[in-house]
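Here are the chains, one letter per residue:
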Amino acid sequence: MPSLKTPRLTRRHALVLGAGALASPWVARPGFAQTDAIRIGSLTPNTGGGSPFGPEIAEAHRLVVDLVNSQGGVNGREIILSQENSETNPEVAVRAARKLIDADRVMAILGTWSSSVTLGVMPLCQEANVIQMCTSSSESIPAGDKKGLLFDFQALNPAWGKAIARLALARGFDQIAVMGINNDFTTSMIGTFQQSLEAGGGKVVNEPFLYNPNQPSYRAEVERLIAGNPPAVFIPSYVTDFTAVYREIYRSGYAGQVITISLSTGPKFKEAVGDAANGILHGFPVPPVGKDAFDAYLRFVGLEPSGQVQRPFGSAGYDQINTLLLGIAKAGSLDPFEVVKGVFAIANDPGERVTTYAEGVAKLAAGAEINYDGASSSVEFLPNGMLASRDFELYEIRDGKDVSLERITSES
Amino acid sequence: MQTILNAISSAAIIAPAAVGFTLLFALFRFANFAVGALMTLGAFACWTLNVPLGLPLWLAAPGGMAGAAAGLWLADRLAYAPLRAAGGATLLLVSIAVALVVENALRLGYGGQIKGFDLPLSRPWLLGPVRIAPEQLGVILVSAGAVAGVMLWLGLSRWGRAVRAAADDPGLAAVRGVPVGRVHAAGIAGAGALVGLGGVLAGVDLAIEPGLGWALIIPVLAAAILGGIGSPMGAVLGALLVGLAEEVTALVMSPSYKAAVGFVVIVLALLLRPHGLMGRELVRK
Amino acid sequence: MTAYLVAILTSAGFYVVLALALNLQWGLTGMLNFGLAGFYALGAYASAITTETAGLPFVAGFAMAVAVGAVAGLAVAGLSARLVGDFLAIATLGFAEIVRFLALNEDWLTRGPRGFPIATRPIPEGLSREATAWAYLGLVAALVIVAYLIVERIRTAPMGRVLRAIREDELVPAALGKDVFRFKLQAFALGAALAAAAGSLYAHWVQSISPDHFTTALAIGVWMSLIVGGAGNNRGVLVGATLVMVILEGSRFLTGVVPGLDAESLSALRIALIGVLIVVTVRFRPEGLLPEPRIRLETPAKGA
Chain A
1 MPSLKTPRLT RRHALVLGAG ALASPWVARP GFAQTDAIRI GSLTPNTGGG SPFGPEIAEA
61 HRLVVDLVNS QGGVNGREII LSQENSETNP EVAVRAARKL IDADRVMAIL GTWSSSVTLG
121 VMPLCQEANV IQMCTSSSES IPAGDKKGLL FDFQALNPAW GKAIARLALA RGFDQIAVMG
181 INNDFTTSMI GTFQQSLEAG GGKVVNEPFL YNPNQPSYRA EVERLIAGNP PAVFIPSYVT
241 DFTAVYREIY RSGYAGQVIT ISLSTGPKFK EAVGDAANGI LHGFPVPPVG KDAFDAYLRF
301 VGLEPSGQVQ RPFGSAGYDQ INTLLLGIAK AGSLDPFEVV KGVFAIANDP GERVTTYAEG
361 VAKLAAGAEI NYDGASSSVE FLPNGMLASR DFELYEIRDG KDVSLERITS ES
Chain B
1001 MQTILNAISS AAIIAPAAVG FTLLFALFRF ANFAVGALMT LGAFACWTLN VPLGLPLWLA
1061 APGGMAGAAA GLWLADRLAY APLRAAGGAT LLLVSIAVAL VVENALRLGY GGQIKGFDLP
1121 LSRPWLLGPV RIAPEQLGVI LVSAGAVAGV MLWLGLSRWG RAVRAAADDP GLAAVRGVPV
1181 GRVHAAGIAG AGALVGLGGV LAGVDLAIEP GLGWALIIPV LAAAILGGIG SPMGAVLGAL
1241 LVGLAEEVTA LVMSPSYKAA VGFVVIVLAL LLRPHGLMGR ELVRK
Chain C
2001 MTAYLVAILT SAGFYVVLAL ALNLQWGLTG MLNFGLAGFY ALGAYASAIT TETAGLPFVA
2061 GFAMAVAVGA VAGLAVAGLS ARLVGDFLAI ATLGFAEIVR FLALNEDWLT RGPRGFPIAT
2121 RPIPEGLSRE ATAWAYLGLV AALVIVAYLI VERIRTAPMG RVLRAIREDE LVPAALGKDV
2181 FRFKLQAFAL GAALAAAAGS LYAHWVQSIS PDHFTTALAI GVWMSLIVGG AGNNRGVLVG
2241 ATLVMVILEG SRFLTGVVPG LDAESLSALR IALIGVLIVV TVRFRPEGLL PEPRIRLETP
2301 AKGA
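Chains as they are written, first to last, in the working numbering: chain A, 1 to 412; chain B, 1001 to 1285; chain C, 2001 to 2304.
Chain A extracted, bound-state conformation (with noise of 0.2 angstroms):
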């Protein structure tokens, strides 16, 4: 089954191999009897303002599922993947969630990305007993999670703000002009940001305001942040109106730093401006990059590491993934309150260190307790379900590369 190795090229070749793949998930089918089978569902946002990154989601969770169900499956159990797009909407990712809740029964739903689809599936999973799995970062998360059935892969925005305040003043920029994409993620990224910066001596120059994505054009976005030519910028945001909005930065002849989050800077930003990337400076929590389990996740889904950031949410979704089916394991019981009990069992400390799923089933089966440490983070959780701690990290773009300037750990 080539496309399972080489998935990035899944999309063109199974175009044109299309009759020789028709067969293939059947023959690659062990035999597992249906009726005690672990049924996952994944719900991302292939299409609409998520699309750079619901894909590399998926494509983890369905890796990951397949290279489990190949080495025997969970406690025997045949895991079945049902997946659907959330088209970053929620009112198309409610019927989405009720079809995998209520039509394929599955008893997680993971890989929700924008808040307002996490928070809009929420309602119907709990009411249905359906473990979460989400990397959203509003505030409001944890609130509506009353079950305890959920958890985020994503530190909540407060905690970038203070991280990327603490790192600017570090650089020595203590007069930052502030906009941001109008959503949940960087609202409260911006508040906390200001409050960072005006405790350690800085200041938030200009009124920080927000823009709506989507646009024609972000030129008078653009002149209103560099209106009196502030020292430095930061703008957290997305990548397709970073690309953008940066363009309209550079063309504008403004000369300060621009400071923004990991996630506007990947490498197909670096090769849509080029050069002109050269000198921008971000920070991120994850992934670690240079970290051994990061590194596998990239050689897993067919990548090099590069020393760069990528795959920022593929590879929490392969920590997902990862931490659900350990938790089955552990918990061996598809009750999702015992399997909430096992993620935390198999996460958090104590325990040996384990990166992969057969690594941990191993070392459960040898009795041991484990610690799962992520592609994406440590993976630690509070017990509202929330990431515990987060490594930060500042890079600066030099040469087209990210080079790593300091990590910091933050409280979330």
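Read the hints as simulated data drawn from the structure, not as lab findings.
Which bits of chain A does chain B cover? Going by a derived footprint, with three or more residues having C-beta under 8 angstroms, they are:
| # | segment |
| --- | --- |
| 1 | 51-58 |
| 2 | 215-221 |
| 3 | 260-273 |
Since we're looking at a predicted model, the values are computed, not measured.
Note that beta-carbon positions come from the ideal geometry of N, C-alpha and C, so glycine has one too.
With chain A's structure known, arrange chains B and C on it following the hints.
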């Protein structure tokens, strides 16, 4: 000054597609929402020639225009032409469906990751208090040239006049011996090329991705309607006004309301001039 | 599976009410309303604010939604009813965008992009999951029936004839001494109120709303329902909305049988397929599956 220049830069991207949109409306009497997706198609066609195949951008851009025109022609053959007799709203809906097909065909072929032309960013020239980047100037000149070219073609050439005649009153034009079928083909080619060019110009500023068109269709539509639908000159004027309204809003008010204020300006303008700035009432059907 | 079908039918119910509202405004009266999602959002938020922020029961939220929808409908129509055709379309599209921006930016009222959780439910607490799903379906069905009866009553009443006359040519009813402006206002405001009522019930069904719930994508689905079903024909609207929901949701199962594609390609394929199905449906039934009865006055037996 800078604000005005910025408004012109924004308008330069919107104007060719708005002229294309308004031409299509004049010829076929429906708001073709697939124009946004066809802009995306133009940008992708140009990108394919420019980046993987390594052609310089000025050579790749006509490829983008041809790509969009071919896409429009195909959409017309398969979806619009069989429905010429149907109402404007039906065709509008079909055009949205076409947009969904085009967007997702691109996604299937290219994936959802962003792309950019092989065009190094450059620092601006300073002309007194005004900054202008070379690419920005290029976009404005190309856009103005293309729009002026189309105006001349419509005004002076035999085919252009035939297109205008067919747009003004298809029945009358047919009676007078204008070959309406071939005129439609010419209109599709011209409008498609303009739309494709708009996509290429947008790709210079924005990130190229399959959903790009949805960011562009609303301002294109707004410019065409504000200018008076069916009037190419009006579409250009409309693009300028929409650009200006948005720039000024973002500077004096919250940028969060930029697009909303754009709409308010359009609605106010329409209340004063119900057929748009330069529009006349079109003969329907 | 039953629970899924119940949920999808409930979703379809909201589309039906919205499509009926649109049928009143556009199918009968010829007013192009692209801002339907705005009125839907207004109803949802009005209801959410009434029940959650002000702590009143669902009935009050529902009433508030209807009232706000009607007032907004009157205001929008009053301002722009003189605009014709596509110009009205852009004005109403602008209205929907403004509502979405307000919901996005006025955090203090709408909780902004973070989303608005809604705890108040119009059905008794403590029902089983299955029973809850059926109860909501019952409520939506009731709303569908009421909306259908209202719009159908108008269609067959003298008012419906005036509205259709306005649709065909405003000058004719005006020449006959009808107050065209007032009729348009009524039709538009009533449609807006229906959309807002649907929004209210929707908000308490999904229990969490955000500006992302009310995008143009939703309006497109409703427009599809109307045109696929048959504009002007209320039974056609029922058929159309159900069929559109079958296309939207059924395509999930259809693409499930295409092996060898990654999730992204499957998603793209599915949406492209939705587009193709719409083009094909309209191509072969341009008047909709159940076209409007053409000459109702001469042959009343064929209509209704």
